[in-house]
Amino acid sequence: MTFEEFAAARLPAVLRFAAVLTGDRSLAEDVVQEVLIRANGRWQAIADLDRPEAYVRKMIVNEYLSWRRRSWRLVLSGAGPEVDGRLAPDPAAAHAERDAILAELARLPARQRAVLVLRYYEGLSDTEIAEALGCAPGTVRGYASRALALLRVEMAGPTKPAQEMTEEKS
Amino acid sequence: MRRDRDGGPMRTEDDLRQALVTLERHAPDAHTVLSVLNSAAGQSGPGRFSWRRPPTRSRWRPRFRLILLAAAAAAAAGLVITLVPGSRSPQPGRPPAEAGLPTTAALGRAMLTAFNGVRDDIEYSTQTGITKGVTADVYRDWSWPAQPAPGQLQHDRTLFSERTPKSLVVRLSEDDEVTFITPRTGVITVRGQITMVCYPGTGPACGYGNTNTPAGTWSQASGKVLNASDIGAGGMLSPASLAQGIASGQWRITHRARLEGQPAIELSETSHGRNVIEPLPTLLWVNARTHLPIRMINGVGLATVTLNEWAYLPPTPANLKLLRVHIPPGYPRYRFALNSAPSSGGPGQVLGP
Numbered sequence: 001m002t003f004e005e006f007a008a009a010r011l012p013a014v015l016r017f018a019a020v021l022t023g024d025r026s027l028a029e030d031v032v033q034e035v036l037i038r039a040n041g042r043w044q045a046i047a048d049l050d051r052p053e054a055y056v057r058k059m060i061v062n063e064y065l066s067w068r069r070r071s072w073r074l075v076l077s078g079a080g081p082e083v084d085g086r087l088a089p090d091p092a093a094a095h096a097e098r099d100a101i102l103a104e105l106a107r108l109p110a111r112q113r114a115v116l117v118l119r120y121y122e123g124l125s126d127t128e129i130a131e132a133l134g135c136a137p138g139t140v141r142g143y144a145s146r147a148l149a150l151l152r153v154e155m156a157g158p159t160k161p162a163q164e165m166t167e168e169k170s
Numbered sequence: 001m002r003r004d005r006d007g008g009p010m011r012t013e014d015d016l017r018q019a020l021v022t023l024e025r026h027a028p029d030a031h032t033v034l035s036v037l038n039s040a041a042g043q044s045g046p047g048r049f050s051w052r053r054p055p056t057r058s059r060w061r062p063r064f065r066l067i068l069l070a071a072a073a074a075a076a077a078g079l080v081i082t083l084v085p086g087s088r089s090p091q092p093g094r095p096p097a098e099a100g101l102p103t104t105a106a107l108g109r110a111m112l113t114a115f116n117g118v119r120d121d122i123e124y125s126t127q128t129g130i131t132k133g134v135t136a137d138v139y140r141d142w143s144w145p146a147q148p149a150p151g152q153l154q155h156d157r158t159l160f161s162e163r164t165p166k167s168l169v170v171r172l173s174e175d176d177e178v179t180f181i182t183p184r185t186g187v188i189t190v191r192g193q194i195t196m197v198c199y200p201g202t203g204p205a206c207g208y209g210n211t212n213t214p215a216g217t218w219s220q221a222s223g224k225v226l227n228a229s230d231i232g233a234g235g236m237l238s239p240a241s242l243a244q245g246i247a248s249g250q251w252r253i254t255h256r257a258r259l260e261g262q263p264a265i266e267l268s269e270t271s272h273g274r275n276v277i278e279p280l281p282t283l284l285w286v287n288a289r290t291h292l293p294i295r296m297i298n299g300v301g302l303a304t305v306t307l308n309e310w311a312y313l314p315p316t317p318a319n320l321k322l323l324r325v326h327i328p329p330g331y332p333r334y335r336f337a338l339n340s341a342p343s344s345g346g347p348g349q350v351l352g353p
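Heads up: the sequence lines are chains A and B, in that order. Using the numbering used here, read the first sequence as starting at 1 and increasing by one per residue. Using the numbering used here, read the second sequence as starting at 1 and increasing by one per residue.
Wrong hints could be hidden among the right ones.
[To be verified] Part of the chain B face toward chain A, derived, beta carbon under 10 Å: (1) R11; (2) R17; (3) T22; (4) P28.
[As the list claims (entries may be wrong)] Partial selection, computed: residues in chain B whose CB lies under 7 Å from chain A: (5) L16; (6) A19; (7) L20; (8) L23; (9) E24; (10) H26.
Simulated from the structure, these hints should not be mistaken for lab results. Every residue, glycine too, gets a C-beta built ideally from N, C-alpha and C.
Use the sequences and the hints to build the structure in full.
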């Protein structure tokens with residue numbers, strides 16, 4: 001698969017992943033741009049891997065975790081919630097709880113947030129997450145445990161295998 | 001429904017999964033990203049990369065930072081050495097802390113006391129991103145007062161400089177001034193006013209979404225301001241948060257040092273605490289006499305390093321001028337089109353200077 005083919009086929013899914021990971025459209029865009037520019041430069045080596053997309057997603061996680069902050073964001077009066085959903089929570093009562101979770105997610109340290117996204121959105125096992133983040137599975141469980149406690153999420157049981165969690169979104 | 005110790009409802013893992021999926025709505029437009037890739041590849045006209053959807057208007061400034069391994073690497077490496085005297089990576093097996101050092105709890109308390117002493121000063125902080133020895137971007141922030149109370153008017157100014165493929169040296173890119181009433185703890189969005197000057201040379205525009213300000217113009221608008229969670233008063237990188245982290249075991253005191261002539265206490269981050277800055281190894285230096293932070297390095301020994309530094313300035317008339325943006329002579333004012341589509345950035349109007 002060439003880089004062009006990869007970009008044409010997988011970019012939307014990669015962008016969705018970045019959006020969930022960062023919770024912010026502009027940051028997701030910046031992170032993906034930077035990663036793809038780098039990936040394009042050494043695509044031959046990445047394409048030879050068993051799972052090029054998994055590698056690109058790992059690059060995105062690492063880029064997000066090392067991303068330097070931007071200071072201020074301004075949403076003009078009259079702008080809609082699409083600019084930044086955190087600024088304009090859905091008024092429907094049924095969504096209030098979901099918005100509360102998202103607000104609390106946004107306040108988590110980046111590494112804890114990344115662990116939750118990889119576990120509950122990507123459906124990775126703790127071992128796979130540890131490999132992606134370059135740490136021990138125990139460390140992953142520690143981050144997850146702290147983050148879940150902060151979000152008041154009760155675990156149903158052991159981490160489920162990847163395919164049980166999430167099918168690839170394309 | 002089960003409840004936590006405070007009586008609040010416990011959420012399920014499925015609640016979390018469903019919430020995460022809703023964030024997909026923030027996914028950027030694929031065509032916009034591909035346009036930037038094409039631009040980075042140095043091509044014009046029909047792109048090398050393509051996407052099935054018809055193109056839409058580009059919204060965001062392509063703020064990519066290519067890794068450039070230029071001849072300046074050696075000079076920049078020298079900069080790092082200068083800025084980090086005697087820096088060492090925090091390695092396992094490091095000798096135990098020196099005798100006579102304060103406990104983290106005592107140091108944290110001393111820092112909080114010190115912050116109270118400078119609460120009405122101007123906090124000047126810089127953040128420098130260095131990639132493989134090359135300075136990639138620099139933020140210079142002035143915040144006044146350094147510790148604003150809820151209801152107090154807060155002034156912030158940020159000068160942003162960056163290095164891009166179009167500017168092989170770090171160039172001033174953006175100058176922002178923000179004023180707002182400090183909200184109560186936990187509120188991260190407030191109404192405020194932002195004045196933005198966008199300099200040419202590093203990209204086509206500054207700002208975000210519907211506040212994009214074209215290069216070579218300035219703008220001023222009022223609206224909702226989102227204070228990023230990692231900066232500013234109460235942010236995880238604020239000195240007050242650092243002090244709280246030190247007191248709570250997020251940092252380990254390692255030894256005494258001298259930093260630019262100042263007696264300092266060096267700390268390394270542990271993996272404990274609410275606002276852990278991991279995964280990158282992080283060192284912090286606190287002035288041993290004033291107990292104010294001097295410098296923090298995130299990514300010690302790695303290719304990507306972020307350098308934070310702090311200083312406190314008395315609010316003299318001369319220093320207060322540092323909070324104001326400078327609008328270069330001849331720059332026209334850019335007015336936003338408020339009724340444009342919110343996700344497009346919308347066409348605005350450039351007025352005369």
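Going through the hints against the structure:
| no. | hint | verdict |
| --- | --- | --- |
| 1 | R11 | 5 Å, holds |
| 2 | R17 | 5 Å, holds |
| 3 | T22 | 6 Å, holds |
| 4 | P28 | 4 Å, holds |
| 5 | L16 | 5 Å, holds |
| 6 | A19 | 4 Å, holds |
| 7 | L20 | 4 Å, holds |
| 8 | L23 | 4 Å, holds |
| 9 | E24 | 5 Å, holds |
| 10 | H26 | 4 Å, holds |
Violated hints are absent here; each numbered hint is respected by the structure.
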